[in-house]
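Each of the two chains sits in its own frame; use the hints to bring them together as a complex.
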Amino acid sequence: MTDATQSPRSVKTLLGARRGRGKMHWTDVFTYCYLGFGLFLMFAPVVWLVLSSFKTPAGLQEFPPTFLPLGQISVEVEGYDEPLLLFDVTMEDGSVQQLAQVRRIGIMAQMVDPENPGERLQIPIATREPVREMRMAWENYRDPLERFNFMRYLWNSVIVTAAATMVTLLINSMAAYGLSIYEFRGRNAIMLFVIGTLMIPITVILVPVYLVVTNLGMINSLWAVILPGAATPTGVFLLRQYMLTIPRDLIEAARMDKASEWQIYWRVVMPLAMPAVAVLAIFSIMWRWNEFLWPLIVLNRSEVYTLQVGLNAFQGELDVQWHYILAMTVVTLIPVVIVFAFLQRFITTGIASSGMK
Amino acid sequence: MAHADDKATGIGDVLQNVVAWPIRILFKLIDYPVTAIQNVIGIRRMPWLFLLPNLAFFGMFVIIPLFMNFAYSLTGGTELFISERPYTGGEQYGFLFDCDNYADPISCREDRFWKGIFNTAVFIFFQVSFMVLFSLITALVLNREIRGRGFWRAVFFFPVLLSPVVVALIWKWILLRDGILNAFLISIGLDRILFFVSPEWAMFWAVFVSIWAHMGFYTLILLAGLQAIQPDLYEAAEMDGTRKERVFFRITLPLLWPNMLVVIVLALIKGVQVFDEVYVLTGGGPGTATQFIVQYIYNTAFTNQVQNFGLASAASMVLGVVLFILTLTQLAATRRRDND
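Sequence order for the protein chains is A and B. Once you know that position 173 of the first sequence is 173 in the working numbering, the rest is easy, because the numbers rise by one and skip nothing. Once you know that position 258 of the second sequence is 258 in the working numbering, the rest is easy, because the numbers rise by one and skip nothing.
Only chain B is shown next, with the shape it has when bound in the complex (with noise of 0.2 Å):
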């Protein structure tokens, strides 16, 4: 066993120094014009050097383009740059907003894009709601004494990783006309399901393939919540006898609400950008049944026969205004938990 790890150790050390040398020249090639500019600037400026990379980065491609977003969306025609590209005010915004009835996608002239207001709308219900439920289910379970808590943490976990691609293939294989799952219907005596024909189905499939997916993250969030709780309480619970479902709603519950409220606007967030799994998943179908915003916008933008940069850009900012509040609501919620 000895000699194993020492060899072990002789390979560790050789990956290190295959990756520590290019990493010492590099360090070696800045150094030199690094020190040579502190000696020109002083200390006191040499963080805004250090930030400088990130910060050109952070507005080239975040802050810059969020202006030309909304240039993009005051602009008509098909073209891409946007100095030939004829200036139309908020017309673009008009047709979005085009609707004789908003209750009706198909009264509406981008009625794509209602559409996929709609789908977002129900996909978020059914995919939050049920996501933080079992997360919450899940985290009590696995906040018991268990044995092997380890093994049963990574069992919930590990789908968060798989990249959205194959997560959508994994299912889809099981979902197909001839799939297993259709397999086991036959063999208990159900008819076969066409899920990818039936606009319910495939939406209940876009929802539980999401939840499938992401629901460890969330999990992990409340297990620490609740791993966060004083033990003191439940004792002093224990000593005066209270029922266990007293407990729950008086001691855990309130106690877990920080967190659980950072996780259901977390899942909102995701929500409203849903696009990865279902896209490969159902391809937005049958027709638009499972189409969502940002598919809306990827259509308008890149796959349409006219490429339509304005309409795309003016529904982004639309899916940017609703992030933006989400994302207010998100710092808010998790300063209050962290302030508790």
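Pulled out of the complex, with its shape left as it was, chain A reads as follows (with noise of 0.2 Å):
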């Protein structure tokens, strides 16, 4: 993973001083350990949910807990119906021999070797340790897809972030174009306005927007979160800016050949700012995919949950089902790690050049 931004001018070392050949500053000893603890301390709880969500009910509730998914094996038994556990038992002689339990009774087990079904043994259960493979349970994803909304939250999720993504490109791209390609009075009064709704998040106002959506009739639709967060003064501001390095002879000449206004928006001037409409776009995206304070205010029936509103519920039940809610979080994370590979570089450009998230 190399990056445009490592530009030449980046400095050469942290304090400025150069390095002698071979001998490590302090410095370069804690760069390293603190790189390393750094990739620990951000990858290994990502790394522990995704281990975690294939366990099993059985298998999250062992304490302490394994490392990686693991399930008992079990095995067909000559003339018993269902598959016997298998266990390892150490011996009296001190010799370890793999046996199927066929019941337990009380801290004695009534166990058979499958090699030979015939012999009963009565083992204690303080002697034997489960003998187990790795297994993913691929049934903690399946489940909540098929039997609970899941698979409704997902698409409610796919829905508001894709109309909501659409609507705030066309009107915030309009807007932009207005104010970076005209000279109007009352530009900058415009302007300031724009900046200055950034003062005012939805926190600020969350009882009268509800009022706002409910007269509309919007609560409990997907329309009461596309709408309210559509028009951003960050994605105003930053398309103004792009737009403004837009040549204005290029105007001039579209004008020249009687293209409406319109088109000049639509064929001129939206193509030549697709870096940054990209940048928007994918910021839209993050922020709507993510979205949760709002939509949990204005959706109040599970059919119009989204999947982080859907994921809270879930969590918020008495009898909280860990191995669905640990699977589900894995759903929800990777839409944003696909994104996040696939343009960590406009995602970063963008924040470093806008200082928007």
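It should be emphasised that the hints constitute simulated quantities derived from the structure, not laboratory data. Certain hints may be false.
To be verified - Below are the SDA-like pairs computed for lysine to any residue, each with C-alpha atoms no more than 25 Å apart in a straight line:
| hint | chain 1 | residue 1 | chain 2 | residue 2 |
| --- | --- | --- | --- | --- |
| 1 | B | Lys-270 | A | Leu-227 |
| 2 | B | Lys-244 | A | Val-29 |
| 3 | B | Lys-270 | A | Met-199 |
| 4 | B | Lys-28 | A | Ala-253 |
| 5 | B | Lys-270 | A | Gly-38 |
| 6 | A | Lys-258 | B | Ile-43 |
| 7 | B | Lys-270 | A | Leu-192 |
| 8 | B | Lys-270 | A | Val-336 |
| 9 | B | Lys-270 | A | Ile-282 |
| 10 | B | Lys-270 | A | Val-46 |
| 11 | B | Lys-244 | A | His-25 |
| 12 | B | Lys-270 | A | Trp-287 |
| 13 | B | Lys-270 | B | Ile-124 |
| 14 | A | Lys-258 | B | Tyr-32 |
| 15 | A | Lys-258 | B | Pro-33 |
| 16 | B | Lys-28 | A | Ala-162 |
| 17 | B | Lys-244 | A | Thr-27 |
| 18 | B | Lys-270 | A | Ile-195 |
| 19 | B | Lys-28 | A | Met-256 |
| 20 | B | Lys-270 | A | Thr-234 |
| 21 | B | Lys-244 | A | Trp-26 |
| 22 | A | Lys-258 | B | Arg-45 |
| 23 | A | Lys-258 | B | Asn-39 |
| 24 | B | Lys-270 | B | Asn-299 |
| 25 | A | Lys-258 | B | Thr-35 |
| 26 | B | Lys-28 | A | Leu-227 |
| 27 | A | Lys-258 | B | Ile-25 |
| 28 | B | Lys-270 | A | Phe-193 |
| 29 | B | Lys-28 | A | Leu-192 |
| 30 | B | Lys-28 | A | Leu-272 |
| 31 | B | Lys-28 | A | Ile-251 |
| 32 | A | Lys-258 | B | Ile-37 |
| 33 | B | Lys-28 | A | Val-268 |
| 34 | B | Lys-28 | A | Tyr-182 |
| 35 | A | Lys-258 | B | Val-40 |
| 36 | A | Lys-258 | B | Ala-36 |
| 37 | B | Lys-270 | A | Phe-340 |
| 38 | A | Lys-258 | B | Ile-41 |
| 39 | B | Lys-244 | A | Tyr-34 |
| 40 | A | Lys-258 | B | Trp-48 |
Structure (structure tokens):
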């Protein structure tokens, strides 16, 4: 993963002075320790989530937990209808033998040797260890998608994200076009107004926006999530800054060719502003996919839950089914990971240049 | 390989057409009416037409609500529609600020509001200071000559993109009574800790998880600031044989300071509005130990048995004033940075 922003201007060393060859300054040691520790702290929780999501409910209840998702092996034994669980048993003479359990009574277990099913042995359970192999509990993923509403939540999230991003891109780019291509009285006032709305995040106006949405009859509909956040000051600002760099001659030339203003916006300016539009699109997707507080307020029926709200409702239940929650958390994570893997550079340069999140 | 490439562009073309068709139709649909309007109102008024949708959204979902918020805060009762609510003047603000002793939330009429303010203050103090500190260290480390810098930057950055719910669930799973952290503590001979039962631990993890999730964002801004420092300065210092510590305090830190200021104020703005991760992680508990202002507003307006919209709006106005001041500071800081 090399990167374009690794510019030649990058500073030679942390504190500026040159290091002697082969000599380690304390800052070198610190750097590598810090990076190693950072790698662990940042990745281990996610790795643990993914590993845990493949464990069966029984596997999740084990304490101390096993690292990998393990399942106990069971074997078919002649004379028994059901497969029997397999154990490593330490025999009285110290040798270890693999036996299958027929039934357990208190601290004793009736076991048989799979090779010799005729003879039953009485074994104290303290002397045996389950025989296990790595087994992925794919049902953690399958069940919620089939039995619960998760497919619905997933679909709702996709709809909200896609629709909201399209609306945002359209109206923000139109506004940016109006504010960058034309000189008109009141332009600066409008720009100030747009930046001013930055000061009013949704957390400050929860109640009245709820009223507006109720008045529009959108409570418990996905529109209630899509529309209120569609006009974003950061989006207008980002696109306008970019459109200001488009040469005016191009627009004059288009006007000479009798192109209408809308055609200039759509055919000339938008294609040229694509890099900025792409950055805004990525941000909008992230914002909407991850949005939580507002959907939590306006979506009160399970059919309209987005993934985030559904996941929260699921983890708040009395009987928390962690095996499903962990799997669904992984599902929620996947689109973000994909976006990040492919578009990391867009995102990081977007943040570095605009300071928005 | 060439064959595979051809196939990829083929799929790309198909995709492009699938996406492009509706967009082209949309364009045509808007083109005719808008061009017709242009013929009526003339080019000079066209910018207003382009601005109209965005401004309508801002008006409907930001500006009108802002005024309504103020109006709500002056009314009482439990009706949602403002026309049905009795005017009560500054009563709601009176309730909020009705305290025998401002240093002690329990003595207040709205003890949860004050508890929220206290908790938010504690949270911001630790979260912002440690986050800025670690962002700075991380940015300095990433700015060194290290192998695979892109990879390392991604390592610290990716949690920024995770949803708050996902972040909270990842950590909740680690911190549970039978979670892996407790397994670790027991394995090294310590006692099990019930992290979500102790107020101090709950606050600690709220701060920690929030730093874990957001640090990458601030690191990135500081890293951009570090890379913008002219290398000549360092070369000159090197020629003079200046000590590293001195270079850091005399060159790096002063030149990075405008960026630091932006980062601090941005972190404050986000910190005041903390809700999502902590709400999912601790639910505000134990008791009210990790309940913040936004959760107070949310509970008061939407989840309590009696939905007290007036009180919630009054609390929102208080939050709004704080954010207003912070955002003005941010704009000033950003301007100063970009002018320097």
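Evaluated hints:
{"no.": "1", "hint": "Lys-270/B x Leu-227/A", "result": "23 Å, holds"}
{"no.": "2", "hint": "Lys-244/B x Val-29/A", "result": "15 Å, holds"}
{"no.": "3", "hint": "Lys-270/B x Met-199/A", "result": "12 Å, holds"}
{"no.": "4", "hint": "Lys-28/B x Ala-253/A", "result": "22 Å, holds"}
{"no.": "5", "hint": "Lys-270/B x Gly-38/A", "result": "23 Å, holds"}
{"no.": "6", "hint": "Lys-258/A x Ile-43/B", "result": "12 Å, holds"}
{"no.": "7", "hint": "Lys-270/B x Leu-192/A", "result": "22 Å, holds"}
{"no.": "8", "hint": "Lys-270/B x Val-336/A", "result": "21 Å, holds"}
{"no.": "9", "hint": "Lys-270/B x Ile-282/A", "result": "21 Å, holds"}
{"no.": "10", "hint": "Lys-270/B x Val-46/A", "result": "24 Å, holds"}
{"no.": "11", "hint": "Lys-244/B x His-25/A", "result": "11 Å, holds"}
{"no.": "12", "hint": "Lys-270/B x Trp-287/A", "result": "15 Å, holds"}
{"no.": "13", "hint": "Lys-270/B x Ile-124/B", "result": "9 Å, holds"}
{"no.": "14", "hint": "Lys-258/A x Tyr-32/B", "result": "14 Å, holds"}
{"no.": "15", "hint": "Lys-258/A x Pro-33/B", "result": "16 Å, holds"}
{"no.": "16", "hint": "Lys-28/B x Ala-162/A", "result": "21 Å, holds"}
{"no.": "17", "hint": "Lys-244/B x Thr-27/A", "result": "10 Å, holds"}
{"no.": "18", "hint": "Lys-270/B x Ile-195/A", "result": "17 Å, holds"}
{"no.": "19", "hint": "Lys-28/B x Met-256/A", "result": "21 Å, holds"}
{"no.": "20", "hint": "Lys-270/B x Thr-234/A", "result": "15 Å, holds"}
{"no.": "21", "hint": "Lys-244/B x Trp-26/A", "result": "12 Å, holds"}
{"no.": "22", "hint": "Lys-258/A x Arg-45/B", "result": "17 Å, holds"}
{"no.": "23", "hint": "Lys-258/A x Asn-39/B", "result": "12 Å, holds"}
{"no.": "24", "hint": "Lys-270/B x Asn-299/B", "result": "20 Å, holds"}
{"no.": "25", "hint": "Lys-258/A x Thr-35/B", "result": "11 Å, holds"}
{"no.": "26", "hint": "Lys-28/B x Leu-227/A", "result": "24 Å, holds"}
{"no.": "27", "hint": "Lys-258/A x Ile-25/B", "result": "21 Å, holds"}
{"no.": "28", "hint": "Lys-270/B x Phe-193/A", "result": "21 Å, holds"}
{"no.": "29", "hint": "Lys-28/B x Leu-192/A", "result": "33 Å, violated"}
{"no.": "30", "hint": "Lys-28/B x Leu-272/A", "result": "20 Å, holds"}
{"no.": "31", "hint": "Lys-28/B x Ile-251/A", "result": "20 Å, holds"}
{"no.": "32", "hint": "Lys-258/A x Ile-37/B", "result": "15 Å, holds"}
{"no.": "33", "hint": "Lys-28/B x Val-268/A", "result": "15 Å, holds"}
{"no.": "34", "hint": "Lys-28/B x Tyr-182/A", "result": "23 Å, holds"}
{"no.": "35", "hint": "Lys-258/A x Val-40/B", "result": "16 Å, holds"}
{"no.": "36", "hint": "Lys-258/A x Ala-36/B", "result": "14 Å, holds"}
{"no.": "37", "hint": "Lys-270/B x Phe-340/A", "result": "22 Å, holds"}
{"no.": "38", "hint": "Lys-258/A x Ile-41/B", "result": "16 Å, holds"}
{"no.": "39", "hint": "Lys-244/B x Tyr-34/A", "result": "19 Å, holds"}
{"no.": "40", "hint": "Lys-258/A x Trp-48/B", "result": "20 Å, holds"}
Checked against the numbered hints listed earlier, the structure breaks hint 29 alone; every other hint is satisfied.
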